[in-house]
Every structure is written in C-alpha cells, then in structure tokens.
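Colleague: Protein chains in written order, with our numbering: chain Y, -13 to 291; chain Z, 18 to 243; chain P, 13 to 306.
Check each hint, because a few of them may be wrong.
Heads up, incomplete: computed chain Y residues facing chain P, CB under 10 Å, no partners named [said to hold, decoys possible]:
| no. | residue |
| --- | --- |
| 1 | Ser211 |
| 2 | Gly215 |
| 3 | Thr217 |
Chain Y residues, not near chain P, derived (Cβ > 10 Å throughout) [as the list claims (entries may be wrong)]:
| no. | residue |
| --- | --- |
| 4 | Asp4 |
| 5 | Asp36 |
| 6 | Asn115 |
| 7 | Arg176 |
| 8 | Ala179 |
| 9 | Tyr180 |
| 10 | Val182 |
| 11 | Ala184 |
| 12 | Glu188 |
| 13 | Asp192 |
| 14 | Val193 |
| 15 | Val272 |
FYI, nobody ran anything at the bench for these hints, they're computed from the structure. Glycine included, each C-beta is placed from N, C-alpha and C at the ideal position.
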Amino acid sequence: MSDAEVVSESDPFAGTSDLDRKRTIGRIFVGLCAASALVGIVALVVLIADVLYQSWGWVTWEFLTYPPSQFAESYLPGGRGAGIYPALVGSIFLIALTALFTIVLGVGAAVYLEEYASEGRLTAFIEANIANLAGVPSIVYGLLGLAIFVRAMQLGSSLLAGALTLTLLILPIVIVASQEAIRAVPDSQRHAAYGVGATDWEVIRDVVLPSALPGIMTGTILSLSRAIGETAPLIMVGAATSMFVPPDSPLGPFAAMPMQIFDWATMPDATFQHVAAAGIVVLLTVLLAMNATAVYIRHRFETEL
Amino acid sequence: MARKEYQKRLDELREDVLYMGEVVQERMRMGLTALESKDETLADEVITRDAEINELYLALERECTDLIALQQPVAGDLRFIAASFKIITDLERVGDLATNLGKYTKQAERDVYPDVDVQGIGAFALEMVEDAMEAYAAEDTDACYEIDERDDELDAMCERASGFVVRDLIETELTEDTTDAEIERLLADVSRLLLTIRDLERVGDHAVNVAARTLYMVENDDALIY
Amino acid sequence: MSDDTSMNETPTIETHTEAKSTDDRSPASEADADVAGMDDQSIGEETVIEARDLSVFYGDERALQPVNVEIPDRQVTAIIGPSGCGKSTFLRSINRMNDMIDVARVDGELLFRDTNVYGEAVDPVALRRAIGMVFQKPNPFPKSIYDNVAYGLRIQGKDDDLDEQVESALRRAALWDEVSDRLGESALDMSGGQQQRLCIARAIAPDPEVILMDEPASALDPVATSQIEDLIEELARDYTVVIVTHNMQQAARISDKTMVFLTGGELVEFGDTSRIFENPDNQRVEDYITGKFG
C-alpha cells in the first residue's frame, strides 16, 4: 500500500496516539456519572412502584372522604368506610396558613435585605445566619415552636402553632430563594425605572417584584412541599396523630397526613401497611401537584411578555 | 434615509459651491465689461469685492475640513468633498483673474490693438467656466470631456492673439520723433494685453480643472487631472 | 455644607445665591481666558448644567478630578475618553444615579438651572423627572410597548391623554411608524435598535429638560446606530442632550460640544466639537483623538 506510506510520512496528525487512551478514560468517567445518576432514579422508581403496588385498590373515594378507623376492615372496599379525610384537610389548612406567613415574612425580609439594607457587617451577619438556619434540623424548630407558640404565646397544640412552626422551618430557605430571585433582576431594569423618576417603592413594586415573582413563587412552593411532609416539628408542637374531624378553627387541634401515615404504619395489623401506602400516595399526589404548580407558575411568568 | 443632518450638509455644500461659481462668473463678466467700456468705477468694484470671494472660499474650505474631520465621509461622499475642496480653489483663482481684469482696466488709457478680440476670448473662457459648473451640478461627465476639448480651442485663440500682438510690435516703426515716453507706454500696453490674454487662457485652464475634478468625483476617473 | 445643614430652607437659598455671585467672578475670568477664541458660538447660549469643582470618589479613590464645565441648552454635548476615565461617572452624577452606589461620594457643586442638585432640598427622584436617562443596553420593561412608554407618565402623574402622549413620544423617537399597529405587543419582541428607541421614547415621554445617554448605541448594529444618531440630532432641537460615547467618530458626527476626559478622571478639554477634532489645545487630547494614545 504505497498510498498509506505516503500518508504516514506526511501525516499532519503525527504524535497524537495518546488520544485513544484519553478517550477511554473519558468513557469510563461518563459511565461512572451515569451510574450515579441511575442510583437515585432507580431508588425512586422502586419506592414509588412498591407504594403503588401496596396501595393498589386502597385509594378510593371513601378513603379521601372518611375519618380514620381503628379497624382495618373499615378501610376495605365495600367496608364501613374510613380514610385520611381529617388529616388531608388538616394538612391543606396547615400549608395554606404556612404559605401566607412565609410569603409575607420571606418576601419582606428578602426585599429589605436586597433593596434597602446597605452592604455592611450587620447585613452580612444576618444573611450568614439565615443561610445557617436553613440547615438546622427540623426537630429543633419543633422545640422552638413548642416553647414559643404553644407555651409562651399560649396557642396550644393548634393549627396556628403548627403553621407558625413550619413557617420558621422554611423561612430561611424562602428568604434565600427570594433574595436570589430579587438579585437576578437585572440592575438595568431598576435603573430604567429610577431613570424616569420612580421612587424606591415604585421600583420595587413595578420592576423588582414582578420580575422576581416567578423565582419567589417556585422557591416558596418547593419549600412548602418540604413542609407538608414534615413530621418531627408537628410531633413537638403536639399535633394529634389521628383525628376524626377536620380542624374547625386556626386555634383548634389538627392532624396532618405525615403523622396519620406514621400512625397507620405502627399498627400491628398487617392490613394497615396497605392503608399507610394509600396515605403515602395521597401525600405524594398533593406534593407533586404543588411542585407542578411551581413549574407552571415559573413557565407562565417566563413566557408571558 | 439615514444620516439626515450629514446629507443635508452635503447638499448645502454643493449649493454653496455652485453659488460661489455664480459669484465668480458674475465677477468675470464685470471685469470684461469694465475692460471694454473702460469703466473704472466698475473696475474698482471688481477689485474690492474680491474679498467676498475670498471669504466664501475660506468658509467653504472650512466646511469641507469640518465634514472630513467630523463626518468621516467615504466613497462617493469623500470624492465629492475632495473634488469640491479642489474646485473652490480654482474658483477662487478665477476670482483673482477677474480682479486682474479690473486692474488692467485702470491702467489702460487707450486701445492699442482693437483688432484683438479680448471680449470674444473672455466670453469663450467664461462660457467654459459656466459649463464646468453646470457639469459639476449635474454630474455630467460628457460635458467634462467636451470642456477639455474646448480648452484647446481657447489656447489656439490666445496663441493667435498673442502672436498678432507680438508681430505687430516688431513691425511697429519707431521714428526719430517717437519720444521715450511713447515707447514706454507702447510697451506697457503690449505687455498688459499679453497678460490679459494669458489670464483669460488661465480662466479656461481653471474651467478644465473644475471639469477634471467633477469627472473624478462622478466616476473616480482621473483622466483629465494632469 | 455644614452651615447649610444647620440652617432652615430660606437662608440656604440665600447662601446659594451668595455663593453664586461670588463664584461667578472667578470662574468667569478663568473661562474668559480658556474660552476666548475657542467658543465663538458661546455667546447667547444658555447654560443648563454647570459643574463647579465637581469631584466623585468611590471610597477613597477619586474617580473624577474637579470638573468645571458649562453645558449649553438644546445642544448635543458629547463626553469622550478612554475606558475608566470617569465619563460615565460624570454623566451619572448629573442625575444623581451615583447615589445608588453605596461608596460613591460627591464633592463640589453641580448646578441644574442654577440649583445645586446635591443641595439639601433637592429630591433625587424629582431631579430624575427633569433629567431623563437612556442606558448603554436597551432595557425595556417586560411589558407592552405602550406600557413602557406610559410608565414614566403614570408614575409622574402625567396620565391625562395618555394615548396622545404615548403616540407623541413614539413619534419623537422615530418609532411610531414601526409600532403603531402593535402597541400591545411585548417590548422584548422588538429588535435591539427599536428597543433602544423605545427606551428613548420612554425617557422623553414625561418631557424632561435634559436627556442623558450612556453609550446608547454601543450594543447596536451600524444601521440601528445610524438611526439613533439621527434621532439624537433631532432631539437636540427640543432637549439638552448629554451623551457618553466610546466612539469618537460618533461624538464628532452628532455633537455640538465635546468634553474629553483622559485617564485619571480628568476633564482635559471642553469646547466646540469641530475645534476639538480639528485643532485641540491639549497635546494629550490630540494624541487621543488621533488614536496615538489610548
């Protein structure tokens, strides 16, 4: 093959034989990364599959609309009818209240820190603390809620006390997320408004908040979906494990889904494993619905104008 | 249309150059009339009002520099400004030659060579200037070549006239009675006439320059620029 | 300044007038020496903005050496100079946009219609209503074209006949013909050049007296740039325009007066644009504009 000889003699790519080896290393690295990603996905799929299998046929209309029962037979299709209703309503009220407090306090704090507070040691100290608070275990917030809301403020083991405790729990995350959203609003937008003679308040109202809203909303909703699954702080503030009626006032006692599920899971009768799984499916559905809302809001605001 | 202000200034420059051309032609006409009618008042006017042309020249030169310095003209615009910049120099020179005619008028006391058709030559040269300015205004390249050809004719006319004057001078018989003063006057008249002819020939040269710059401006063709 | 703080409003004004009458003499005599022969047109020009020993500091660093300048009414004044020479800093000190930088500090006086904008009684928000601004990158709000133009009018309470005012502003910004049939559409769907003209429309809609422009064409293509330049020349009939540009040719093309800042935040020369570009007094300015120094 004289052609090949000629080519090799004048090969412009001589001295690149190491590429094969490097490429192999690259492939191995990609493989490892893909495997890591699979662990998470596989675990989640297995979990969901197991829960779905366990709860198959147990999530009925009755399950959603009846209070819980001590007797496993009541939950069976065609039984007397029993379910998650008080805890479902309790969780929804709890989250609604938490959302209200969190948005007001979180956005307020974030706006103050980003738009008004001057860059100084105090601001930096506050911000560092907020960041640290986000990592504090939830049981600690439970203790705090017990001490402040239940005891000191005499709210008792009420829905309000629970909501305030959960607010404390997710507030740092919401503040940080809102700060990031506010910081992501380009300065050019603020300048544009200042340039035509807007006041600080007008700039925040007309420019900063509208632009930051999708980010704030997604951050808040994702935090809330973490809060809806929290059990430990609710145990600490003394929420009922199992209630037969939904809460009738913010100051009344309440049950929430995670605790109800925990209650079922600790029942000796094996049938209750299916009931607990059904409860998990309801909880996960609410959670996914919230996340979907977050995604929708983000998408909606980003494409609109 | 982008760059409106700039375009406006270019249009104004063209109009101003044409206006300067008209002023210069008018001044030539006045100079020739003064020469013919020996009108010293008119001659004085031609001489004193040369300052107007000089001012016009400086103002236009300034405008051209401004346009080049501030507006970064390129391509056709640049050639237009460069051509205009040169053309106003020629026009200013024609103005000076008109002034010369005024000066000759004041010096002349009598016609020595009525056979020499100074007015005819002058009219011919003036028409060349007029046509050159029209070619500039209309960007008419054919007219530019035509003006160049007419210059040969003008040169021939001037040569014939000069020849006539010189031959006549040689043939002039000086008698014993001719005083020195008379000889002096004769020499002055002859040289003034020769200068007049040369000046008119120059006017034609400047008209050709205007045509040459116009040709360069329109077609980027330097055929007539020597 | 400390005297001013302790006084109530009325004496403050007196102090200002006093300061003006005494100050007037010394800079005037200086100016005569500087300006004589270089600003033949300066007679009859009304001064809108005047800087008197205006310096700006960022922390301890001096960003602007004391600037003394008089910016005339209804003309385009261009500010040129190399990067970091303080030209934007000076521009932003006119409508107090530097206030937004925590560490920025201003010394000296900046008079807008003979009132020191850094005086105690001046509200920067009110100042910015009288001195509009257009920025380097087009920054329309993520709203409709109409709402963008109407924004300044609405917050300034000038919302009578809003439709007419919006149309008028868009016409003055040479944008009406292009957008009159899609005022409800998002401003973000426009081209860069259109967005910048929209920002100009937004700035002129409330009818300020002065328009500051910070490199308004630097993010645009040549055609859009040319349109903006035409527009600036138009605007100078009704407004005083002060424009920062890194593009010397642009300054030459569109401005009547030019300020040249050089490294270190020093205003080295100010005068008629034609004189600056044809016969600058200062050798460093000549080196800069001929591109021999950067």
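Colleague: Hints first: check each against the structure and report whether it holds.
Modeller: Going through the hints against the structure:
1. Look at Ser211 of chain Y: its Cβ only gets to about 28 Å from chain P, farther than 10 Å, so that hint breaks.
2. Hint on Gly215 of chain Y is violated. Least Cβ distance to chain P is approximately 35 Å, over the 10 Å limit.
3. Because the closest C-beta pair between Thr217 of chain Y and chain P is about 41 Å apart, greater than 10 Å, the hint is violated.
4. Once the 10 Å rule is applied to beta carbons, Asp4 of chain Y is consistent with being away from chain P; the minimum gap is 43 Å.
5. Interface exclusion of Asp36 of chain Y from chain P stands, the closest Cβ pair being 45 Å apart, more than 10 Å.
6. For Asn115 of chain Y, the non-interface assignment is confirmed: its Cβ lies about 22 Å from the closest Cβ of chain P, beyond the 10 Å cut-off.
7. Not every CB of chain P is more than 10 Å from the CB of Arg176 of chain Y (nearest about 8 Å), against its label as outside the interface.
8. The beta carbon of Ala179 of chain Y is not kept farther than 10 Å from every beta carbon of chain P, the shortest such distance being approximately 7 Å.
9. At roughly 6 Å from the closest C-beta of chain P, the C-beta of Tyr180 of chain Y falls inside 10 Å, breaking its exclusion from the interface.
10. The claim that Val182 of chain Y is not at the interface with chain P is violated, since a C-beta of that chain comes within 10 Å of its own (minimum 3 Å).
11. Distance check on Ala184 of chain Y: its Cβ comes as close as 5 Å (rounded) to a Cβ of chain P, failing to clear the 10 Å threshold; non-interface status is violated.
12. Distance check for Glu188 of chain Y against chain P: the nearest CB is about 5 Å away, which does not clear 10 Å, and the non-interface claim fails.
13. A Cβ of chain P approaches the Cβ of Asp192 of chain Y within 10 Å, the least distance being about 7 Å, so the stated non-interface status is violated.
14. Remark: the non-interface label on Val193 of chain Y conflicts with the geometry, its nearest Cβ contact in chain P lying 7 Å away (cut-off 10 Å).
15. For Val272 of chain Y, the shortest C-beta to C-beta distance to chain P comes to about 32 Å, beyond the 10 Å cut-off, and the non-interface label holds.
In summary, the structure is inconsistent with hints 1, 2, 3, 7, 8, 9, 10, 11, 12, 13, 14 from the numbered list given earlier, while agreeing with the others.
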